[in-house]
Amino acid sequence: MLITVLTIFSVIFLIFLISLIIHLNLRKYKWIKNEKYKLENNEKAFTYKNILNALGGLENIDKVDKDKVYLISVNLVSKKKLLSFNIKHQIEENYIVMSVKGFNINLFLNKLKKQLEKETT
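Read in order, the letters of the sequence shown are residues 88 to 208 in the numbering used here.
None of these hints come from the bench; they were simulated from the model. Any given hint might turn out to be false.
[Said to hold, decoys possible] Below are the DSBU-like pairs computed for lysine-lysine, each with C-alpha atoms no more than 35 Å apart in a straight line:
no.	residue 1	residue 2
1	Lys175	Lys150
2	Lys150	Lys188
3	Lys167	Lys205
4	Lys198	Lys117
5	Lys153	Lys117
6	Lys155	Lys115
7	Lys200	Lys150
8	Lys188	Lys167
9	Lys117	Lys175
10	Lys168	Lys155
11	Lys150	Lys167
12	Lys188	Lys153
13	Lys131	Lys115
14	Lys155	Lys166
15	Lys200	Lys188
16	Lys153	Lys136
17	Lys117	Lys166
18	Lys167	Lys198
19	Lys198	Lys153
20	Lys120	Lys168
21	Lys155	Lys175
22	Lys200	Lys115
23	Lys153	Lys168
24	Lys188	Lys175
Based on the sequences and whatever the hints tell you, model everything.
Written out as structure tokens, the structure reads:
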């Protein structure tokens, strides 16, 4: 009886030890991957750079007015990427109106306006 209890305890201990080693290795791998690639390099992340790329890049943007982004070419806008970021958008003749639930899109528009002013000067 004692031998069976000890063998069961040792098997449980070995399983726990193996799972702990696997967990620590995966955590180290994720930490190294995050340090190496960062959030900015993730194409699916909701970042300024990725939203700008979905709009066709800085070269595609003509000007920014209140909630409208005037574009040079509407065809360069990646609608799938905007939807993957949960950005609701309306594309008119030469501008796009965007809105996001839970995020103030005006912050993005202000940063974009400042970057456009910096590029033109």
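(message) Between the alpha carbons of Lys117 and Lys166, is the straight-line distance 35 Å or under?
(response) 31 Å, holds
(request) Would you check the hint for Lys188 and Lys167, treating anything up to 35 Å between C-alpha atoms as holding? (result) Holds: Lys188 and Lys167 sit about 17 Å apart, inside 35 Å.
(message) Between the alpha carbons of Lys198 and Lys153, is the straight-line distance 35 Å or under?
(response) Holds, at roughly 12 Å.
(message) Can you confirm whether the C-alpha distance between Lys200 and Lys150 stays at or below 35 Å?
(response) Distance ~7 Å between Lys200 and Lys150 Cα, so the pair holds.
(request) Please work out if Lys200 and Lys188 have their alpha carbons no farther apart than 35 Å. (result) 21 Å, holds
(request) Decide if the proposed pair is consistent with the structure: Lys155 and Lys175, CA atoms, cutoff 35 Å inclusive. (result) Judged against 35 Å, a Cα distance of about 13 Å means the pair holds.
(request) Starting from Lys150, check that the Cα of Lys167 is at most 35 Å away, please. (result) The hint holds at about 23 Å.
(request) Take the C-alpha atoms of Lys188 and Lys175, compute the straight-line distance between them, and say whether it is at most 35 Å. (result) Within the cut-off at roughly 9 Å; holds.
(message) Need the status of pair Lys188, Lys153: alpha-carbon distance at most 35 Å?
(response) 18 Å, holds
(request) Mind checking the alpha carbons of Lys131 and Lys115 for me, to see if they're no more than 35 Å apart? (result) Holds - the C-alpha atoms of Lys115 and Lys131 are around 23 Å apart, at most 35 Å.
(request) Please work out if Lys153 and Lys168 have their alpha carbons no farther apart than 35 Å. (result) 23 Å, holds
(request) Could you grab the alpha-carbon distance between Lys200 and Lys115 and see if it respects the 35 Å cut-off? (result) Given that 35 Å is the threshold and the Cα spacing comes to 40 Å, the pair is violated.
The earlier numbered hints that this structure contradicts are 5, 6 and 22.
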